[in-house]
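*Asks:* Given the sequences, and given the hints that come with them, work out the whole structure.
2 protein chains.
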Amino acid sequence: MPKFTAEQLIDLGTRIFSAAGAPSEEARLVSEFLVRANLAGHDSHGVIRIIEYVNNIEKGAIRPGAKIEVFRETPSSAILNGNWGFGQVIAKRAMEMAVEKARDGAVGVVCAFNCNHVGRLADYTMIALSNDMIGIAMVNSTRFVAPFGGRDRMLSTGPISFAFPSNLEFPLVVDIATSVVAEGKVRVMLHKGEKIPFGWIIDKDGNPSNDPKDLYDGGALLPLGGDEVGHKGFGLGLAIEILTGILSGAGCAYEESKRGNGIFFEAINIGRFMPIDEFKRKVTELVKAIKSSRPRPGFKEIIIPGEPEYLTEKLRLREGIYVPERTWEEIKSIAKRLGVDGIPE
Amino acid sequence: MPKFTAEQLIDLGTRIFSAAGAPSEEARLVSEFLVRANLAGHDSHGVIRIIEYVNNIEKGAIRPGAKIEVFRETPSSAILNGNWGFGQVIAKRAMEMAVEKARDGAVGVVCAFNCNHVGRLADYTMIALSNDMIGIAMVNSTRFVAPFGGRDRMLSTGPISFAFPSNLEFPLVVDIATSVVAEGKVRVMLHKGEKIPFGWIIDKDGNPSNDPKDLYDGGALLPLGGDEVGHKGFGLGLAIEILTGILSGAGCAYEESKRGNGIFFEAINIGRFMPIDEFKRKVTELVKAIKSSRPRPGFKEIIIPGEPEYLTEKLRLREGIYVPERTWEEIKSIAKRLGVDGIPE
Numbered sequence: 000m001p002k003f004t005a006e007q008l009i010d011l012g013t014r015i016f017s018a019a020g021a022p023s024e025e026a027r028l029v030s031e032f033l034v035r036a037n038l039a040g041h042d043s044h045g046v047i048r049i050i051e052y053v054n055n056i057e058k059g060a061i062r063p064g065a066k067i068e069v070f071r072e073t074p075s076s077a078i079l080n081g082n083w084g085f086g087q088v089i090a091k092r093a094m095e096m097a098v099e100k101a102r103d104g105a106v107g108v109v110c111a112f113n114c115n116h117v118g119r120l121a122d123y124t125m126i127a128l129s130n131d132m133i134g135i136a137m138v139n140s141t142r143f144v145a146p147f148g149g150r151d152r153m154l155s156t157g158p159i160s161f162a163f164p165s166n167l168e169f170p171l172v173v174d175i176a177t178s179v180v181a182e183g184k185v186r187v188m189l190h191k192g193e194k195i196p197f198g199w200i201i202d203k204d205g206n207p208s209n210d211p212k213d214l215y216d217g218g219a220l221l222p223l224g225g226d227e228v229g230h231k232g233f234g235l236g237l238a239i240e241i242l243t244g245i246l247s248g249a250g251c252a253y254e255e256s257k258r259g260n261g262i263f264f265e266a267i268n269i270g271r272f273m274p275i276d277e278f279k280r281k282v283t284e285l286v287k288a289i290k291s292s293r294p295r296p297g298f299k300e301i302i303i304p305g306e307p308e309y310l311t312e313k314l315r316l317r318e319g320i321y322v323p324e325r326t327w328e329e330i331k332s333i334a335k336r337l338g339v340d341g342i343p344e
Numbered sequence: 000m001p002k003f004t005a006e007q008l009i010d011l012g013t014r015i016f017s018a019a020g021a022p023s024e025e026a027r028l029v030s031e032f033l034v035r036a037n038l039a040g041h042d043s044h045g046v047i048r049i050i051e052y053v054n055n056i057e058k059g060a061i062r063p064g065a066k067i068e069v070f071r072e073t074p075s076s077a078i079l080n081g082n083w084g085f086g087q088v089i090a091k092r093a094m095e096m097a098v099e100k101a102r103d104g105a106v107g108v109v110c111a112f113n114c115n116h117v118g119r120l121a122d123y124t125m126i127a128l129s130n131d132m133i134g135i136a137m138v139n140s141t142r143f144v145a146p147f148g149g150r151d152r153m154l155s156t157g158p159i160s161f162a163f164p165s166n167l168e169f170p171l172v173v174d175i176a177t178s179v180v181a182e183g184k185v186r187v188m189l190h191k192g193e194k195i196p197f198g199w200i201i202d203k204d205g206n207p208s209n210d211p212k213d214l215y216d217g218g219a220l221l222p223l224g225g226d227e228v229g230h231k232g233f234g235l236g237l238a239i240e241i242l243t244g245i246l247s248g249a250g251c252a253y254e255e256s257k258r259g260n261g262i263f264f265e266a267i268n269i270g271r272f273m274p275i276d277e278f279k280r281k282v283t284e285l286v287k288a289i290k291s292s293r294p295r296p297g298f299k300e301i302i303i304p305g306e307p308e309y310l311t312e313k314l315r316l317r318e319g320i321y322v323p324e325r326t327w328e329e330i331k332s333i334a335k336r337l338g339v340d341g342i343p344e
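Each protein sequence line maps, in turn, to chains A and B.
So the first sequence is numbered by numbering that gives the first Met the number 0: it starts at 0 and just counts up by one.
So the second sequence is numbered by numbering that gives the first Met the number 0: it starts at 0 and just counts up by one.
Please keep in mind that the hints were generated in silico from the structure rather than gathered at the bench.
The hints are all genuine.
Identical chains blur together in the list; that is why a pair holds if it fits in one copy or across any two.
The calculated SDA-like cross-link candidates involving lysine to any residue, where the alpha carbons are at most 25 angstroms apart (straight line), are:
| hint | residue 1 | residue 2 |
| --- | --- | --- |
| 1 | Lys58 | Ser43 |
| 2 | Lys184 | His230 |
| 3 | Lys287 | Asn206 |
| 4 | Lys2 | Arg336 |
| 5 | Lys287 | Glu227 |
| 6 | Lys257 | Lys287 |
| 7 | Lys194 | Asp226 |
| 8 | Lys299 | Asn209 |
| 9 | Lys184 | Glu227 |
| 10 | Lys290 | Thr141 |
| 11 | Lys203 | Ile302 |
| 12 | Lys281 | Glu68 |
| 13 | Lys290 | Glu255 |
| 14 | Lys290 | Glu227 |
| 15 | Lys287 | Glu277 |
| 16 | Lys299 | Asp216 |
| 17 | Lys281 | Phe70 |
| 18 | Lys203 | Glu227 |
| 19 | Lys279 | Phe70 |
| 20 | Lys212 | Gly297 |
| 21 | Lys281 | Glu72 |
| 22 | Lys184 | Gly148 |
| 23 | Lys290 | Gly250 |
*Replies:* Have a look at this one:
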């Protein structure tokens, strides 16, 4: 597999998006967010998306340079109309606005609609974190998840992220889908030609399946909690759907016309509740206490949310980012078609 | 089993708490919240708690009539010092204050510390709902849950509730613990002398167990997601712990001195985002679409969060509330000791 430095990939992505018609700032921003996902180890949200994004630009589904309009606003809230620009550009603006509102007040909530795929939520909650605030982010998308006890896809995977400032070496960031697994994990197993564990999906008739193909043949993902306590993941997913699909104005996953991500972002200004240093110290103490508690048989250590991504990033910054052969060939052919030269080998 | 009307139980509870020294308004409020839990079918949070609360009043752990002080405040946020009054009184005030702040602005966040057991979170998010707002509530308590991969209790069960206004017949309320099951479910099985499914708890050595006794013999509850994707429940539980234990000032579950509930409540004023009628209509449409989608084999219908409690309440308002013999004997003996007469039979 070809291997590159982060800077090589960011530069190439930037030039591809620019050649596809994106303003240079947007091209670089989106490219940076994609490569950041590769660095974190989440390759499904990485440079592989260049292919889809260029395709979407050419179809008119992504409109680079689209003006982000403030649809509605109060001192502590806003709704943005993204006008179908890059999701990353809209989402970054939304969290920055939530942070501004929380800086003036104590809390800021910003929603957005007409917004394309935003990528990893952790990237946005970390904007709040780097401003000494708590970041909370949720999005919806198209339908993939059955309600508890149901056979039809009705909800999106309902990801949610929280980020908390601390004195830890790594950023403390939770970023999870409220389905048993994200759809990308099933797709990876499909491409590998492997079976998946029972409990991830049901087939089109609502029966348990361990064949990833069944998800794409009318099946559905199960909500977190699975067969026994899936009402919990369903409840969380439903709440996230309402905040991101209805309150935002972006539309719900179950609607035929649904596309892109509906956004619900929140920033909480810790300084309005307690001194930031005290907060960071207490969070650090909590995490260290958990980290140093005894692992279960079969586990070597207790892994904290945000820790694996941090370790993978350190590794990949040192050793480079592998891009699968087929993905790389596709990216190269797009680059050539758009007249982008100086493709790294 | 003795059976009573809700009004009989509320009246008796009110008179018991009054006799134990509570101001009459607080006595009635707490009694109402307990009976409301019985009506909803959550008997573990119902009149059985009269015994514990009177005990706590006598020990000085609950201080009826304690003044709730505003420790810190901004136009959109506050922290309350509950001074160890009844949890219900403090929590109700906290959500009412969040609603007031959201009415003036768009969002209100209110935390509280020095707060006793608040009971069911749904009771508080429904205060927001009845004000045409979205209610979000989280609390922490003492430690019960192991981190993913760990054998020691480090987190509380981290319950979270969301309530959304709609035109549905029942209130749309999510109210779940972020452990696989709430501690009360294990306790019920212990009292019944039955085994529990594997995947709920680990024993003191971190091994899987189906014996509920093992939880109380140094074991721990597992986070939602269990052995396979328990990092999700752990992540959610950790986020809730930080918001309710650190941001609130109430202290974390893992601390030896921890008691009572730390509170993080939020109200979102829907009218600042969209017309309330439109919101209610869209939520109703979403839920009806889910409700009318096809059930899986083995399920008769799709149950929506808040629906079972509503149906149980209708039933129990009609047919009365059963109180287990032993619980009733204990309540009667407390009533007699406190000189409360007119105990229903």
